[in-house]
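Participant: Letter by letter, the chains look like this.
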Amino acid sequence: MANKFLIYVEQRDGNIKKSSFEALKKGSDLAKTMNAEIEAVIIGNEVNNLENIGGYGVNKITHLKNAELLNYSVSAYCELFVKFAEESDANYILLANTSMGKDLAPALAIKLNCALVVDCTAIEIQNGNLIATKPVYAGKAITVVETNTPKSIFTLRPNVFTIGQPSEDKADVTVKNIDSVNLSNKVIKVTKAEGKLDVAEANIIVSGGRGLKAAENFKMIEELAAQLGAATGASRAAVDAGWRPHSDQVGQTGKTVSPNLYIAVGISGAIQHLAGMQSSKFIVAINKDKDAPIFGVADYGIAGDAFEVVPALIEELKK
Amino acid sequence: MKIVVCVNHVPDTATRVNISSNQKTIDSSGVTYVVNPYDEFAIEEALKTKEAIGGEVFAISLGNEANKETLRKVLAMGVDEAILLKTDDNLDSLSVAKALAEEIKNQNAELVFMGKQSVDYDNAVMGQLVAAILGYNIVSTATSFNLSGNKIVAEREIEGGKETIETTIPAIITAQKGLNEPRYASLKGIMAAKKKVIEEKIVQSSRNFVNVIEMQKPPKKAAGKIVGVDASAVPELVRLLKEEAKVI
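Same order as they appear, the protein sequences are chains A and B. Per my numbering, the first sequence starts with residue 1, numbered consecutively. Per my numbering, the second sequence starts with residue 1001, numbered consecutively.
Possibly wrong hints are sitting among the right ones.
Here are some of the chain B residues that sit facing chain A, going by a computed Cβ distance under 7 Å [as the list claims (entries may be wrong)]:
1) Val-1125
2) Glu-1157
3) Lys-1177
4) Ile-1190
5) Ala-1193
6) Val-1197
7) Val-1210
8) Glu-1214
9) Met-1215
10) Ile-1226
11) Gly-1228
12) Leu-1240
Since the hints were made in silico from the structure, they are not lab data. Keep in mind it's a predicted model, so treat the numbers as computed, not measured. Each residue gets a CB set at the ideal place from its N, CA and C atoms; glycine is no exception.
All chains, full assembly: derive it from the sequences and hints.
Facilitator: Structure below.
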């Protein structure tokens, strides 16, 4: 059977997510090597610059469109995605491992009764099949897995797969107007944390821990993050103390992250925290205790007082 | 109403992980197992719902004999009945979902809670899989839950914010931290749990769709550089980030 890839492209507020560009690029690279067909699908109302996905090597996309699809609804989106994927008959289906991808991929896996591998950090071709790398135990161990069903679904961890510089190619967009959508599950309100980047999607994260001593001291973490265009994160200790919301928590009972740069301030490096951030490309630790385990995973460290080092760092970056 | 809560028996997050000699699973010797942390929020929400509208809470856990330890803890928290879906096999998520769905159907439960993710395999898709099998509504990663009649209003966490969802039972809710504050088992609960019978059902073995070729430890990072011990090291740190790491 000839191989065919289907990439699910995710939009929020009409904008394509960066993690979907990563899935498109990875999918098109794999399809090229396997000499396979590739297409993409997007669900939503108006979407900006959809033809630009051509720059990531996928030149065919179907836009399933209806005004009621403005906001994500698990019932509506799953129904449309599953139907499209069945008709597409692709045998490799790729999605970003986002809150939306984690709803859609399982619904399709059940419908197709096929293999599902989520949160992949690498996908390779071996003997004509896809082999995926998937961290487990929050990254304390890594599994390499294969699938043995005619079709397979993979979700890709955001921020891991590189996209490089997109080409000028434009994709052919086919708009399919959808008559009615299943809103048995309906989003009635979306609350955005004002101007806040999510740790799971950020290129740079500045995290604070117990060493910051109080909620108000996270102000300097926020300032440093703003200076770097970074998201703010927190250790479990800081969240349990009520200083930060759980959505900021990095670690085994929070989020597993892989940014380009992770700056840990006043975080000693409990094993459950290290598990969630040790796959970051570069790690900076700022901690008073030079024997803290965080220095064991850090590329660069300053074994000094965060209350002196962080303000100096903010000033230096302003220069 | 009959409420089901699915619970998993997992290594404590403070534990170090070693790979077993088969290179496909972790070495469980010397590892402390606990109730999956996210499942504690699911249990609490199930108990709160029962207290509000009446009914019974059944806990289901899939795994081997050792999972009984977790089921006892769950009974001690106030769950009415516990069922062990027993298997010694290492099932993939779809096989687990199918077994859980079958038992939920057996129990005729219209409201199911479980943790948003199990901190062993970290797939975070079990609730969604079971919901898709049963045709139930799903709210994944819920941070609030309200039931009135058969109508559910819940909030779920998404990247950089929250969605407020309206749906109806039958439904599966997967619990995120922040949903509630899980209760501790009372002494009375612990004593009562000891006397309760955990029902056992054998899970028919099925073919896994995903096979683990090997499990490894992540590559160890080379020791980093301590740039300095106070603020005077900051210019050098910034230089390294700009010129060596090229990340800012």
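Participant: Now tell me if each hint is right for this structure.
Facilitator: Now for the hints, and whether the structure bears them out:
1. Proximity of Val-1125/B to chain A holds as hinted, the smallest CB-CB distance being about 4 Å (cut-off 7 Å).
2. Evaluation of the Glu-1157/B hint against chain A yields a held restraint, the C-beta minimum of about 6 Å falling below 7 Å.
3. For Lys-1177/B, the suggested interface contact is upheld, since its CB lies about 5 Å from the closest CB of chain A, less than 7 Å.
4. Violation of the interface hint for Ile-1190/B is found here, the shortest Cβ-Cβ separation to chain A being roughly 24 Å, above the 7 Å cut-off.
5. Among the interface hints, the one on Ala-1193/B is violated; its C-beta lies about 25 Å from the nearest C-beta in chain A, farther than the 7 Å criterion.
6. At its closest, the beta carbon of Val-1197/B sits 32 Å from a beta carbon of chain A; the interface hint therefore is violated under the 7 Å criterion.
7. Interface restraint check: Val-1210/B against chain A, minimum CB-CB distance 5 Å, threshold 7 Å, status holds.
8. Because the beta carbon of Glu-1214/B sits about 5 Å from the nearest beta carbon in chain A, less than 7 Å, this interface hint is met.
9. Taken as an interface hint, Met-1215/B checks out: its beta carbon lies about 5 Å from the nearest beta carbon of chain A, inside 7 Å.
10. The interface hint given for Ile-1226/B is met, as the beta carbon of that residue sits about 5 Å from the closest beta carbon of chain A, less than 7 Å.
11. Using the Cβ-Cβ criterion of 7 Å, the hint placing Gly-1228/B at the interface with chain A is satisfied: the shortest such distance is roughly 5 Å.
12. A hinted interface residue such as Leu-1240/B counts as satisfied when its beta carbon comes closer than 7 Å to some beta carbon of chain A; here the least separation is about 6 Å, so the hint holds.
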